[in-house]
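Trainee: Okay, here's what each chain looks like letter by letter:
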Amino acid sequence: MSSVSGFSRLKRVTIKYKTWLVVSRRQPKNKAMKTNLFPAIKLTVVTLIFFSGVYTAIIWAVAQLAPNHGNGEVVVQHGKKYYTNLGQTFTEDKYFNSRSSAVDYNAAGSGGSNKGPSNPEYLQTVQARIDTFLLHNPEVKKSDIPVELVTASGSGLDPDISPKAALVQLKRIARTRNISEKNVQALIEANTEAPLLGLLGPAKVNVLKLNIALDQAK
Amino acid sequence: MNTEIFGIIAMFVLTAVFGLPLGKYIAKVYAGEKTALDPVFNPIEKQFFKISGIDQNAEMNWKQHMFSLITINMVWFILGMFVLMNQGWLPLNPDGNPGQSADLAFNTSISFVVNCNLQHYSGESGVSYLSQLFLMFLQFVTAGTGMAAAAVIFMALRERTTDQLGNFYNLMVKSCTRILLPLSIVVASVLAFSGTPMTFEGKDTIVNMQGDTVQVSRGPVAAFVAIKHLGTNGGGFYGANSAHPLENPNYLTNMTEMIAQMIIPMAMIFAFGFFLKRRKMGWMIFGVMTIGFLVLAIPTVIWEINGNPAIGHMGVDMSAGAMEGKETRLGSAASGFWSIATTVISTGSVNSMHDSAMPLSGMMQLLSMMTNAFYGGVGAGILNFFIFIILAVFISGLMVGRTPEFMGKKIEAREMKIAMIVALLHPFLILVGTALAAAFPSITAATLANPGFHGFSEMLYEYTSSAANNGSGFEGLGDNNPWWNITTGFVLILSRYLPIIGPVAIAGLLASKKYIPESAGTLKTDSATFGVMVLAVIVIITALSFFPALTLGPIAEYFTLR
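Here the protein sequences line up with chains S and R, keeping their order. Per the working numbering, the very first residue in the first sequence carries number 13; after that it's consecutive. Per the working numbering, the very first residue in the second sequence carries number -7; after that it's consecutive.
With the rest of the complex left out, here is chain R:
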């Protein structure tokens, strides 16, 4: 068991160690400074923009940014619907998988366009290789979309007054080519050399040693799995996601995939500090996020290591921990750790089945998505955290009786209104969605895989995962039907675009305001005290909004499992 604990610590420390230089590099990319990869990517990007007729140096204000973002996202959505519904007759379909139904294609297309990857299908039978490659394209560009939105905030918070915030297409494409692509090539190569398939041949048929005939799904897996983590998308090539021994063949690949999914969210925070030359602020944010992450992760690892008390009472050797839904080569500790990492950073890939996790581990997974701001998805994490900073600035400003200011800009009623709407939207979508599902048992009861409190948790998890654009699930839920496809589809749209538009709007409004130099009367927003304030705001909002729902699900289940 000790080696399992070392494994987790190594993963976490390595991520931070690699994240720091990556953050420096990301800051350089967004600032347009020289990097070692310029000779490779300058000509490629130039061709992209020339063919598309885009002037990559045309500066945009925040509204133009959002308009470009929404337009191109709409193009991806429509193209996605077309590919998924027609994959049956389109090429690269060696297994002859049929086209998706309209409601499933709607859900799949949306969930990949919003970087969620909810996946109400199983990769082996639900999509063709062409669709997989198209979804992989979305995993690149939607991650780039989130990062571009975060970069707009970086631009807006510089010490100046402007409405010129860079070019959306330029930021989006550079995020994909210069940050996601090189790292994906490294990760995919590690996977390919560890036994992950990368082939275009269809299913193989073999006869097992005991004589049963089984099939083996293959495909271009290595390329897909790399970007699914680096872009914090999380959509698996196979149904079992990274629990599948071909997606995640050994402990080395598990560490690689773990580091891959956490590194960019961490590096974005460091990039924030480097870009704005406010490293102390960067460390403050990193500190708050790390405390939040550890508070969620450590108890979960302990609960998973201790295992299921109901099985313990049967008298077997429990030293392996809670092994239902877990893989031997990964172990219960690394699975518990992954389950929190993947939920705080909105990846949503799984290496164990969350549905079978201990009740309170399930609660921690839910809480990770309910806060949705500890590291967070690529780009989206900074955006969500930004909202909490604005709220904390306002509240602490009121407490000490000063005009709330952040980075030399006054926070006024308009910014506060936007921040409140975004902060309240998240609990609203989750709780109203779950309440509706619970109010129509005639439709939803049959889709639950478990009775009692756990069944309620399955519904709560599905909407939480959708609203956090996470994409993991309590997978026992029978979610491929019109109710779940359509309701979660709408939750996905609202919970992606409003939390992008809101923070970018606030940043855009702040950028156009007069810059007030720091004085003795300024509230210090890079101090540890302010960090505690932000953490308090996050805890209060989450606790007040979600505690009642959590008592009906995981907490109630915990007390029945003695």
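Chain S extracted, bound-state conformation:
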């Protein structure tokens, strides 16, 4: 019994194989390769050269016409070069402090804290930052501390603070540097960048530029 059914199965498989041979001869495999795979590889190579090479070269050439030749905006102060778009760690009392950073303002990397809003450990960190700020700025009321000064930025390289966050540090700067509050206020105002066209987006102060101006003022 079993050998008969085994034989008939074999026969069926053979027939199937034979029909497959006929079909595959009608449309040989290398034809599918010819119509799709080889053109796909060749098209990949030419478009790769075009979009990775030619397009990149065009943009590189355009960037050479831009102010800093595509190297990022820099400012040179006492022979030292700084990138104006990248924030720096400013924790000393004589400087306007920048925001907290998850990467310590080292632009070898970038990123935020990624702490969720309800994370208890994170909320303790924020509370500690508030306490530290009040310790360094005893003349400031807690309700005047702008929230961005006690939170970390998304990139960890935020170059800016809001004008409010600069003003809240005014008294400390004046006290530590022994200059009049009026002068410090004038510096903040001179370094405040208005919203785009005066009406789009937030106003901001570049902390690096402000601190350079502060060092020059004395």
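Just so you know, these hints were derived from the structure itself, not from any lab. On a predicted model such as this, the values are computed, not experimentally measured, just so you know. In this text, a Cβ means the ideal position worked out from N, Cα and C, and glycines have one as well. Just to be clear, a hint being listed does not mean it is correct.
[As the list claims (entries may be wrong)] Among chain S residues calculated to face chain R with C-beta under 7 Å, some are: (1) Lys54; (2) Val66; (3) Ala78.
[Unchecked claim] In silico DSSO-like links for lysine-lysine, alpha-carbon gap of 27 Å or less: (4) R:Lys38 x S:Lys54; (5) R:Lys16 x S:Lys92; (6) S:Lys54 x R:Lys195; (7) R:Lys516 x R:Lys16; (8) S:Lys93 x R:Lys38; (9) R:Lys55 x S:Lys54; (10) S:Lys221 x R:Lys195.
Fit chain R to the supplied structure of chain S, relying on the hints for placement.
Mentor: Showing chain R alone in chain S's frame:
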């Protein structure tokens, strides 16, 4: 705060204003009509096809289209694996970054080939400049792939009976050269003049004012960031993506990048209307998508502006909003708006860290990817929406007791089966993936950055982002390990190709059917009533599938944060 609101409104309005003429142009490109850029691109494309041995005028049916699409995508994937694993010794690697591990290269290569850009690495240390340029190539051609698939649907829905639906290579290459490339040059130039680097030099070392020595990553950033948005790819040059001050130096670049990522998805809808000479249908689709988008975006912006109540209780000045993970130059309003735009249109680039967004904003970001049809990625958005239209046609056909018809073609059992499979695949991949991750805490618990409900949201977000081919993340998740690299890799493949093949198959089947002219008994599919029907289908499918998962994550977190 007012200027921040104006900023958002300006971004949205400008996108629609520029999108309309672009849509007209796209329709012309796909119809093969004359355009102003012909003298530039005709000879270039001719050379491409001559070298590749492709007859760009050979018409294909829908199966040939899909076969060509899958074949060339496979070539890109294999080449991608090779480049990423060997970047350590290949040229253009000034920082000496090592080759990627096999599982990371698998995930990276797939996620760029499927237009997702999940990025389980950080650009500064995970890839060489050669790899960046190769990934940039993928950002062009994979966007072109999605657009070509959408164009096949355009061809199929014309008033005629045919199986000749244009040539895949022709549509794909033209999408890249004539639509993505010119716009990329404009956007990249704006970025280069705003301070975004475009150089091949490696890391710079500087000493800060307070005396710490730090490094500065550079590279060919401007070219990369332009196409990452225009192609709705979203993969950043740097780890922090468009929150990084070199990728997105000021509010002008933020607006440019925002408009760049939304403009083609919007223009594709207008192109649909122009191409098929059914403008009313185009406006109906645009209307439904815009309502869906605004319903997701407006509350998110408000929650982000209001900020974190738990920090508010500490007594500080909350007027800047939820600033954890956000940039001062962009502000909380524009960041909230971006977080929804980038999730509805499957870009997945971020200008703030979604992990630190308010719980319900996180839910809206998830919902944007779960619906995945409001504007949607370049090409892919129309494909996803097409499925919902088919479902709505069928359901409303049943409700009024008529044979369901769309654009003069009967919708029958076979089309419905395909539509159902595609519609159910999305929740299936997300929920099964998350359930598996939650079932193996021994592997996944250590990768979470936050405890409790938020940790669950991180897992849910990762699979949702993969299944929507979005690529953003709750980035606290430690995702560069075999579990996340491999599981999301498979989700990515399934969720890219089936939702392309399905709609194209339906369109191909419809195209070969007899055209039935409109009569008094035809269900009007370009009316506002039908628009409401489509919206209802989208809401019901999404709500029923995802509500339980959302209650365990963001909703539960919201109630703990009082």
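Trainee: For each hint, tell me whether it holds in the structure or not.
Mentor: Hint-by-hint comparison with the structure:
The beta carbon of Lys54 of chain S is positioned within 7 Å of a beta carbon in chain R (closest approach about 4 Å), and the interface hint is therefore held. Residue-level restraint check for Val66 of chain S is violated (minimum Cβ-Cβ distance to chain R is 9 Å; threshold 7 Å). Interface restraint check for Ala78 of chain S: the shortest CB-CB distance to chain R comes to about 5 Å, inside 7 Å, so the restraint holds. This hinted pair checks out: Lys38 of chain R and Lys54 of chain S have alpha carbons roughly 14 Å apart, not beyond 27 Å.
Pair hint Lys16 of chain R plus Lys92 of chain S does not hold up; C-alpha atoms about 52 Å apart against a cutoff of 27 Å. With a C-alpha separation of about 35 Å, the suggested pairing of Lys54 of chain S with Lys195 of chain R is violated against the 27 Å cut-off. The hinted pair formed by Lys516 of chain R and Lys16 of chain R meets the criterion: a straight-line CA distance of about 24 Å does not exceed 27 Å. Between Lys93 of chain S and Lys38 of chain R the alpha-carbon distance is near 48 Å, which puts this suggested pair outside the 27 Å criterion.
Annotation: proposed proximity of Lys55 of chain R to Lys54 of chain S holds, straight-line Cα distance about 22 Å (limit 27 Å). Between Lys221 of chain S and Lys195 of chain R the CA atoms are separated by roughly 23 Å; this keeps the pair inside 27 Å, and the hint holds.
The structure does not agree with the numbered hints 2, 5, 6, 8 stated previously, though it agrees with the rest.
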